[in-house]
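Asker: Here is what each chain is made of, one letter per residue.
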Amino acid sequence: MSIADLFNYMSYVFGLFLSLTLIVLLLVWLERKVLARIQMRMGPMRVGFHGALQPIADAIKLISKEDILPAWTDKLVYWFAPIVVFVPAFLLWVTIPFGKNMVIRSLDLGLFFIVAISVLSVLGLIMAGWGSANKYAVLGGLRAAGQLISYEIPLIMAILTIAILHQSLNLVEIVDKQSQIPNIFIQPLGLVLFFIAGLAELGRTPFDIHHAESEVVGGPFVEYSGAHWSVFFLAEYINTFTISILTVLLFLGGWHWPNIPFSGNLQTVLSVFVVLIKTILVVIVIFWIRATYPRLRIDQLMSFGWKMLIPMAFINVTITACIVYYDELPLWILPILSIILLVLGAVIIQRKFSKNITSTIEVISSKSLLKEKSEVNIN
Amino acid sequence: MEINKTINSDSVDLMINMGPQHPSTHGVFRLLLNIDGERIIDVKPYIGYLHRGSEKLCENERYAQVITLFDRLDYVANLNMELGFCLAVESLMELDVPDRASYIRVILCELNRIASHLLFYGTYGLDVGAMTPVLYAFREREKIQGFFESITGARMMHNYFRIGGVKGELPGGFGNRLNLLLDEISKGIEECDQLLSKNEMFLARTKNVGVISSSDAVDFGVSGPNLRASGIARDIRISKPYSIYDRFDYGIPVASSGDCWDRYYVRLEEIRQSVKIIKQAMNQMEDGPILAQVRRIPRPPKGEIYFRTESPRGDFGIYLVSDGSDKPYRVKVRAPSFANLQSLQYLLKGAYIADAVTILGSIDIIMGEVDR
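So the sequence lines, in the order shown, correspond to chains W and F.
Using this note's numbering, you'd call the opening residue of the first sequence number 1 and step up by one each time.
Using this note's numbering, you'd call the opening residue of the second sequence number 1 and step up by one each time.
No lab work stands behind these hints, which were simulated from the structure alone.
For every residue, glycine included, the Cβ atom is placed at its ideal position computed from N, Cα and C.
Heads up, a few of these hints could be off.
To be verified - Quick partial rundown of chain F residues pointing at chain W, CB under 10 Å, derived from the structure:
| # | residue |
| --- | --- |
| 1 | L14 |
| 2 | M15 |
| 3 | I35 |
| 4 | Y242 |
| 5 | Q273 |
| 6 | Y329 |
What the hints assert, rightly or not - Result set (DSS-like, lysine-lysine): computed pairs, CA atoms no more than 27 Å apart in a straight line:
| # | chain 1 | residue 1 | chain 2 | residue 2 |
| --- | --- | --- | --- | --- |
| 7 | W | K371 | F | K276 |
| 8 | F | K44 | W | K135 |
| 9 | W | K367 | F | K240 |
| 10 | W | K177 | W | K278 |
| 11 | W | K352 | F | K349 |
Bound conformation, chain W alone (with noise of 0.2 Å):
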């Protein structure tokens, strides 16, 4: 490896953690001003036009911030929780394309790598736990070892119909098989299941009971400040931005759909552009989501992961399989199959809920109250 070649690897590296870091920044004002039309207010609005500067201003005011380190805290494990969190949230973009033919390295493995690297960020919240010497800290990490190892298996299976239907675990040659129909429209299921499950990993609500703030108060994060907080912070945003942009490339076409009739530059860069435009609208359905939803209990979110999205998704992918292996079967079987599957999931939750709604809050006069206690009173 000469003196150039590693210049170029560091130009790569260095390029990708610039672009992250300021997507990270835009979703960041993203969801304060989502958030914030949504619950009627204005959201921020001092630093730079409509606030645009904010998430700079609050970078910086972390930065500077004190590191604190608690006494009783297991040093080594606790400075080293952020840095295990982040790098495996790094390290997954060097096989996602956010373009055509904007990819690092474009593996042939690349679903297989991405699932493998993502449970690592597991280790580091549990280190964090750990580490802070906090009990809340350590009931979010536990909580956290929980909640991301039962949901990775649906979130697992969704992506293994999409390699079964295609063939491929290169990311590449996912989205342009894509070109002619997005995924959506042959696996809507797979789509709901990998984004349910998908909130679930990035532990956003309403599965955010890792880092409860009205229960565990951040949970592993608690003891954390300064520099080393924002660590957290900027890998909770790269995942998220990730499972979006793995939810547009996977379902929603990449950049197919709309196809670009330019060639050359133009359409990289446009591909690039249209990529962008569609994940940063499913973001913002994970942000809106934030804003409606209360969070679940523990034990439902395991129960609503282990009853309901892991038979689903074997059934989905045991569905799939089939298909594909018997060549004479259509290929419109599996939207029927999978929007059935899809409404009898939604029935029996409706089901299991509605029997809740069936309560009566009786509102009695004042009028007869009164009368009725003027009689007892005189009898």
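Fit chain F to the known structure of chain W by using the hints.
Answerer: Chain F only, in chain W's frame:
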């Protein structure tokens, strides 16, 4: 729920200190939780972090000055506290309050009840992890507080009620503004209702959680919306009508199962009923004096009285002893939050940690009142 402790005979339960700085203990309240995994085995509540000795302080102040201390008991329903004390002194003095003053008092108290329940709605949303309800609720609550400011001169610590009436006449255009406010509140409540009440996840978090039966609730001395959620239609406004509450026609919401959702929804329904009361009071109100003929420094005759009113949190009682001087000899407050809090230990046993927050929020305590 039975917790089988023998399984963990060789392990130590995790002891967690929840509060007094925990974000969802609603003030400076401390819970010592013994947990096994995510389950609570044992819980010890500790109070007293906000103790200011209000009752003792009252003994050194003249009657008119005590009102300011009562503002600071239940600090989200200040006017209801003022009303309780004023009525207690007035009935000890056998004083007739002018009609107009009574109507103003009722209107403001019911508005304050609405504001208090809106605060509950918002914080309860935060407790179960939804972040939008609090902003919806505060939008309406801010309007009410702005309205209060235009009448009493303060957003929270009003010191507006006087022994024998109220401090000042209402500002011009009061009726129109109140009607506008009520319309906005009614609309806002429906929005709040749609946002949270029937949400599947909210139902899953609150239904059949923290159930307290009617007999247990009575045994614990639970009162107010918490008691009505357990199926007992008891309201001091009706069982022992004070002021002019017997002149209105309104509803008392009563639920049956006594779980968190019922406690939540009873309060939401009470807001609608309070709007009804205010509308009737507006129509019935006539011109007249707003303050009875009282000596500048009231000296109630020697005697004692126990006076109960229905504060937003329940049965608010004041025991007042007068020795004939210008200062009360003894003031004892029966705070509804304090009594409601007694049921917490019973409710939390065997619950999940997440439910601890849900249940504590649904009881709707105000530490200013618990600790006094």
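Asker: If a hint holds in the structure, say so; if it does not, say that too.
Answerer: Hints and how they fare:
no., hint, verdict
1, L14, "6 Å, holds"
2, M15, "8 Å, holds"
3, I35, "8 Å, holds"
4, Y242, "13 Å, violated"
5, Q273, "7 Å, holds"
6, Y329, "33 Å, violated"
7, K371(W) <-> K276(F), "20 Å, holds"
8, K44(F) <-> K135(W), "17 Å, holds"
9, K367(W) <-> K240(F), "13 Å, holds"
10, K177(W) <-> K278(W), "18 Å, holds"
11, K352(W) <-> K349(F), "26 Å, holds"
Hints 4 and 6 from the list above are not met by this structure, while the remaining hints are.
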